[in-house]
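Please construct the entire structure, taking both the sequences and the accompanying hints into account.
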Amino acid sequence: MNRREWLQTAAALLGGSLGASCTRALLSGAPLTGAPARPALDAAQLDAVARAAELIIPTTDTPGAIAAGVPDFIHHVVADWYTREERARFLDGLDALDREARRRYGTDFLSADEREQTALLEAFEAEALSGRPRAGGQFFAMLKELTVLGYYTSEVGCRTELVYLPVPGEYHGDALFHAHDRQRTY
Amino acid sequence: MAARGDVTGTEFDAIVVGSGITGGWAAKELTERGLKTLVLERGKPLVHGRDYVGEHRPPWEVPFRGLPLRELYAHDYPVQSKSYAFDENTRHFWNNDRENPYQQDEEAPFDWMRADVVGGRSLLWGRQVYRWSDLDFTANRADGHGVDWPIRYADLAPWYAHVERFVGVSGEKLGLPQLPDGEFLRPMELNVVERAFARALKEHFPGRVCTIGRVAVLTEPLPGQDRGVCHYCGPCHRGCSVGAYFSSLSATLPAAQATGNLTLRPRSVVDSLEHDPHTGRVTAVRVVDADAKARLRFTARLVFLCGGTVGSTQILLNSRSERFPNGLGNGSGALGRYLMDHTSLVHVTGRFDGFDEYYPTGYRPNGIYIPRFRNLRPDEALPFVRGYGFQGEAWRADWRQMSRQPGFGADFKRSLRRPGPWYLRLMGFGECLPYATNYVELHPTAVDRYGIPQVRFHFEWGANELAQRRDMLEQARAMLAAAGARDIEGGDFNAWGGAAIHEMGTARMGRDPRESVLNGFNQCHEVSNLFVTDGACMASSSCVNPSITYMALTARAVDYAVQRLRDGSL
Chain A
1 MNRREWLQTA AALLGGSLGA SCTRALLSGA PLTGAPARPA LDAAQLDAVA RAAELIIPTT
61 DTPGAIAAGV PDFIHHVVAD WYTREERARF LDGLDALDRE ARRRYGTDFL SADEREQTAL
121 LEAFEAEALS GRPRAGGQFF AMLKELTVLG YYTSEVGCRT ELVYLPVPGE YHGDALFHAH
181 DRQRTY
Chain B
187 MAARGDVTGT EFDAIVVGSG ITGGWAAKEL TERGLKTLVL ERGKPLVHGR DYVGEHRPPW
247 EVPFRGLPLR ELYAHDYPVQ SKSYAFDENT RHFWNNDREN PYQQDEEAPF DWMRADVVGG
307 RSLLWGRQVY RWSDLDFTAN RADGHGVDWP IRYADLAPWY AHVERFVGVS GEKLGLPQLP
367 DGEFLRPMEL NVVERAFARA LKEHFPGRVC TIGRVAVLTE PLPGQDRGVC HYCGPCHRGC
427 SVGAYFSSLS ATLPAAQATG NLTLRPRSVV DSLEHDPHTG RVTAVRVVDA DAKARLRFTA
487 RLVFLCGGTV GSTQILLNSR SERFPNGLGN GSGALGRYLM DHTSLVHVTG RFDGFDEYYP
547 TGYRPNGIYI PRFRNLRPDE ALPFVRGYGF QGEAWRADWR QMSRQPGFGA DFKRSLRRPG
607 PWYLRLMGFG ECLPYATNYV ELHPTAVDRY GIPQVRFHFE WGANELAQRR DMLEQARAML
667 AAAGARDIEG GDFNAWGGAA IHEMGTARMG RDPRESVLNG FNQCHEVSNL FVTDGACMAS
727 SSCVNPSITY MALTARAVDY AVQRLRDGSL
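Chains A and B are the protein sequences, given in the same order.
So that you can map any letter, position 100 of the first sequence is 100 in the working numbering, and since no number is skipped, the others follow by simple counting.
So that you can map any letter, position 382 of the second sequence is 568 in the working numbering, and since no number is skipped, the others follow by simple counting.
Keep in mind the hints are simulated off the structure, nothing from the lab.
A virtual CB, placed ideally from N, CA and C, is assigned to each residue, including glycine.
There's no promise every hint is true.
What the hints assert, rightly or not - Derived Cβ-Cβ restraints for the label pairs, each shown as a range:
1. B:600 with A:129: 13 to 23 Å
2. A:155 with B:664: 38 to 48 Å
3. A:115 with B:586: 28 to 38 Å
4. A:59 with B:477: 53 to 63 Å
5. A:180 with B:664: 51 to 61 Å
Said to hold, decoys possible - Stretches of chain B that chain A covers, calculated by requiring three or more beta carbons in the stretch to come under 8 Å of a beta carbon on chain A:
6. 245-254
7. 312-322
8. 544-552
9. 588-600
Structure below.
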């Protein structure tokens, strides 16, 4: 039984307790690869999200957000988990990113160079931290939260950036942390 | 587990209502004494191991990576989803609030957390295990709140030992009169910061002790049971297929099954008990089959109610007759009253610097415990009676916590690679007094999908609980400060009852049938073959986690009932 089948069976076992939209959300959330059934982002928007996510968690000595499948995860959340209002706020912010890029650099976000893209996200983050964020600041906070969650719960993130250790076998409360160690996760 | 099927018409020696912590124990003790026992469970069947679908599940396989399914939870699980243990890895264990609703006074609400599977909340409990002491059993008599317990520690001590040996409790012996030691397996380890905190506590607060939690998780094999030792995978509430944690499914029901005397019938919702006024006994248990919606009737010589505090009381309240117009065994009028829950959600956290070279291995399913240190003597002149203890834990911040810092990019990513600062949190659990004004009753008109009247809660904290919580908050801050914690933050988030999931009372034990429902053996004063051994029986609440006490009371009650049955006096 694959995961999707399992979820369908589970939904059936739960006695129809899942509303239709919830079932759809649950099922569409399950594979978290490819596009959601009802895409919320077009190809250009998804590219912009991917680029911004990669700037938040870049490829270093370990894979970054794109290699970890974060853009697809974000797309699923925006399409199927966000409320209508949150989705609108996210999409507004994405527009604001392009608007600000044009205002500053005369080009859209994706066509700006990395230094410019970084400066744009920094400006949005500063706004997010200002206490009264407008569309750009709100978008940055949402994007960062989803990027971090998507990355550190991905198989790539867990197995490369962190140490995936689901069954440690023992507990030692005074074990030493070595310079090359990483966070463990389950 | 066992045969379901048409067992009406079968004559049982005993019927146990509920398969959770106490129902499992009643089943084990009854069947091991040779009684043909029927266990009625309202929840769904669940197979140990196979149905722990969230166990060891990698985060990337969890729907939406663990983001709460808000629309679904608001619609179907508005109460249950408040639990720390409720998520997509455990949701299949929990009650659906929409399908099984209850009523509450909006001004005095109560969170009723319920499982809806075989094994009940024994699958979800926090597994903390602490004996009561005579400080607890004499508390009502000493300060006049509630009725005096009909039993003392000496009555229960051998039964604590009996259940602990089978449950498997890891812990440290302390020799404290207010927290008697038990039959312990090897204690789990404190981590380095908890050890430093424990040393500081001893130095700055003589008489206060920080120990490792006493927990129903095996740190050593238990002879005679097919259960493995803990492998420190972390979230026990997702299920433990090796059975390192204690649950009805891992321990008591298999033992009952092995006797050949157990019949377990899931999806069997008990409506009420039938009472014969001439013999003064329960003659049958009325059941609604949750699948067929058929009304059934089961008979036995003995009935044990183990449906969870409110579940058992609901059944009694709904068992009305000419002889008992206000509920079975309710000549006293105490049935439904004196509902208690522990005060909880007083949380204080501080950061501990200087331990960055340490990073514990494993995810320990246990924390620290600071046993009660207030009102151990009668002359402490505090603005409240009774006391409280602290649970807690020290940990290093993980990526979730650390990612709240500003920044992004390569440096940000690098900063999340290593574990973050150490924090230690203290969480108070306090004794709640028994008040007649805190109660459950049957709603006059609202019924559930089986036609059974819904319960309605009315619960408010009293002045004593509020005074106690102020002290908890102050003392937690003081202890953390004395131990060198920085940036101490906390508060009292305990707005209403039920949050501790330690609901108890509503069919209290007592010496006098005029003011209590049950006698000192959990036997209904007015109905000789009826026993209630879950949290409903409690006459006071102590401040320690209650489950092991329910288990000991259950085993003791079965022993008593079977003896009376054998000598013909029951």
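For each hint, the structure was consulted:
no.	hint	in the structure
1	B:600 with A:129: 13 to 23 Å	21 Å, holds
2	A:155 with B:664: 38 to 48 Å	45 Å, holds
3	A:115 with B:586: 28 to 38 Å	30 Å, holds
4	A:59 with B:477: 53 to 63 Å	54 Å, holds
5	A:180 with B:664: 51 to 61 Å	40 Å, violated
6	245-254	holds (count 9)
7	312-322	violated (count 0)
8	544-552	holds (count 7)
9	588-600	holds (count 9)
The structure does not agree with the numbered hints 5 and 7 stated previously, though it agrees with the rest.
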